[in-house]
Each structure stands twice: as structure tokens, then as C-alpha cells.
Amino acid sequence: MAKLTKAQREWRPGMPKKRRSTKVMFASTVLLLEAFVAFFATLAVFGLKRGEVPPALILGFGIALSVVLVLACAVLRKPWGIGLGWALQIVLILTGFAEPMMFIVGVLFAACWWYGIRAGLRIDRENAQRDREQAAWEAEHGADGGQPA
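Take the position in the sequence shown, starting the count at 1, then add 1343; the result is the number in our numbering.
What the hints contain is simulated information worked out from the structure, not anything from laboratory work.
Just so you know, these numbers come straight off a predicted model, no measurement behind them.
Straight-line C-alpha distance at most 35 Å; calculated DSBU-like pairs for lysine-lysine: (1) Lys-1421 <-> Lys-1349; (2) Lys-1360 <-> Lys-1421; (3) Lys-1421 <-> Lys-1346; (4) Lys-1361 <-> Lys-1421; (5) Lys-1346 <-> Lys-1361; (6) Lys-1360 <-> Lys-1349; (7) Lys-1349 <-> Lys-1361; (8) Lys-1360 <-> Lys-1346.
Pairwise CB distance ranges (calculated): (9) Ile-1447 <-> Lys-1361: 36 to 42 Å; (10) Val-1434 <-> Glu-1353: 36 to 42 Å; (11) Leu-1451 <-> Trp-1480: 40 to 46 Å; (12) Gly-1357 <-> Arg-1461: 34 to 40 Å; (13) Ala-1407 <-> Met-1444: 16 to 22 Å; (14) Leu-1451 <-> Lys-1346: 40 to 46 Å.
We put the CB at the ideal spot given by N, CA and C, even for glycine.
Generate coordinates for the entire structure from the input sequences, incorporating the hints supplied.
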């Protein structure tokens, strides 16, 4: 039999499903898109500057950056996860020294990251408020909505 996760072991019938963070979903989406862009930019730099820079250095750095961008999605729930995301935004912008168009791409992705975090926080606050109001209404009127049986 497969091993159950913590959430599966703690689940009981009738338990409300825990709401996922919109901020984390938006941030994960931006990081994954950046991973694809970093990988394809690596291939572009490899093709353009193979004679100037050792290919192992180009491929090693580019693929490592892509992998770190993907793995960063796993730590976004931790307090330092968003800070790591900001650091990766700076690294992506700095790849413009290898390929100047990456300055533009990096700044655009940093803007997407900023907006995703900002909008995600706002949506999470609104959802929390809505959940509090729903719980208060259910406590006042009962779970069945006050409808006669």
C-alpha cells in the first residue's frame, strides 16, 4: 500500500479543504516560465558565443539556473522563499551581460514577479476575509443556512 501524506492522514470526512495561496500559485507560474526562458536563452548564448566562452560554462550555468528556478517553486511557502525569488529575478536580469536582450526579458519578468506577488497577496487577503465572513454567517444561521428541513 502506498504511504499516505500528512494531509491525507489528517483528513476526516466533512473537513473543509484548505485554500491554496494565490500568491504562491502566481509566483510559481512566473518562476516556471522563467526556467523555460533561461533554458532557451542558454541555447541561444551557446550558439552565439561558443567560440568566445567555453561551452561547458555556458551550458552549466544556464541549465543550473533553470533547475534552481524550478526548485525555487517548492520553497515559496517558506518565509525566505519570496526573497529567493527576488534574488533569482536579479540573476535573470544579470544574464543580460551574456546576451543583452536578457536585460529586457529579465526586467519584464521582474515586473511580472512583482505584480504576481502584489496581486496574489491582495487576493489571499480577500479570500481570508470572505472565509471569516462565511464562518461567522454559518455560526449565526447554522450550517444548513437556516432553511427548514
